[in-house]
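With the hints as extra help, turn the sequences into a complete structure.
Here is how the chains run, residue by residue.
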Amino acid sequence: MSETIKKFLYLNRKAPYGTIYAWESLEVVLIGAAFDQDVSLAFVDDGVYQLIKDQDTKGIGMKNFSPTYTALGDYEVKKVFVEKESLEERGLTLDDLQHLVWEDEDDDWAEKDSIELVSREEMTALMEDAEVVFSF
Amino acid sequence: MPIEVNGKSFETDEEGYLANINDWEPGVAEVMSKEDDLDLTDEHWDIINYLREYYEEYQIAPAVRVLTKAVGKKFGKDKGNSKYLYGLFPYGPAKQACRYAGLPKPTGCV
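Quick note, the sequences are listed as chains A and B, same order. Heads up: the first sequence begins at 1 in the numbering used here, then just goes up one per residue. Heads up: the second sequence begins at 1001 in the numbering used here, then just goes up one per residue.
Simulated from the structure, these hints should not be mistaken for laboratory data.
Taking lysine to any residue pairs in the SDA-like style, the calculated list, with each CA pair at most 25 Å apart, reads:
#, chain 1, residue 1, chain 2, residue 2
1, A, 63, B, 1010
2, B, 1008, B, 1021
3, A, 78, A, 67
4, B, 1095, A, 24
So the derived list for chain A, only partly shown, Cβ under 10 Å to chain B, looks like this:
#, residue
5, 26
6, 27
7, 30
8, 33
9, 34
10, 64
11, 71
12, 74
13, 76
14, 109
The calculated label-pair distances, taken between Cβ atoms and stated as ranges, are:
#, chain 1, residue 1, chain 2, residue 2, range
15, B, 1027, A, 121, 51 to 61 Å
16, B, 1078, A, 6, 34 to 44 Å
17, B, 1065, A, 131, 22 to 32 Å
18, A, 35, B, 1006, 40 to 50 Å
19, A, 18, B, 1065, 31 to 41 Å
Every residue, glycine too, gets a C-beta built ideally from N, C-alpha and C.
In structure tokens form, the structure reads like this:
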């Protein structure tokens, strides 16, 4: 096991189905989760659409991979930052997003919220703080 | 190469995974395990059925680490370790059990 733990930030900027970026990002996150790094996910711009609940892809004939986001907690991905301004600009609120949780082993497996709303300013700080940024 | 189950033909990819997850029936696991000289017990079926439930809910096959933890929680702590799972599926729980369950090859599994 590597001793060096780095701060990884996966930056998601695009809507889920028009391009392959959202799904590719999610796959990299799930694969990368095996490496025990300090992982954060960020959703900004149209990327916030990836977390919308009750997605239905029947009309476009693509696999609806939105349920996979709810598996992130099982993969020890506990920090999901959503930019408040990006939601507001699209007429969305936290209630429009899926409820993502992780289970805290040290607190009798209590379910804790993964999603945290942050301002644009806080998002900038998160990006500056990260050692590795993957932009999708 | 397609496999034959109860007189029906099922399409598979080049590594033997079912081409269409919705085609699956229990006979698929029976036929695949016979080819590996493995007799499926209730313990095997617990894992196979659990994998199908997991895929149904999350649309992915779980990583071994995630599967191990989940099995421990669902079927008892003594079963939540890779020794138990590899004992059941010597070719690897992710690869072999997912294949029997009709799931695609797990993401990140080489």
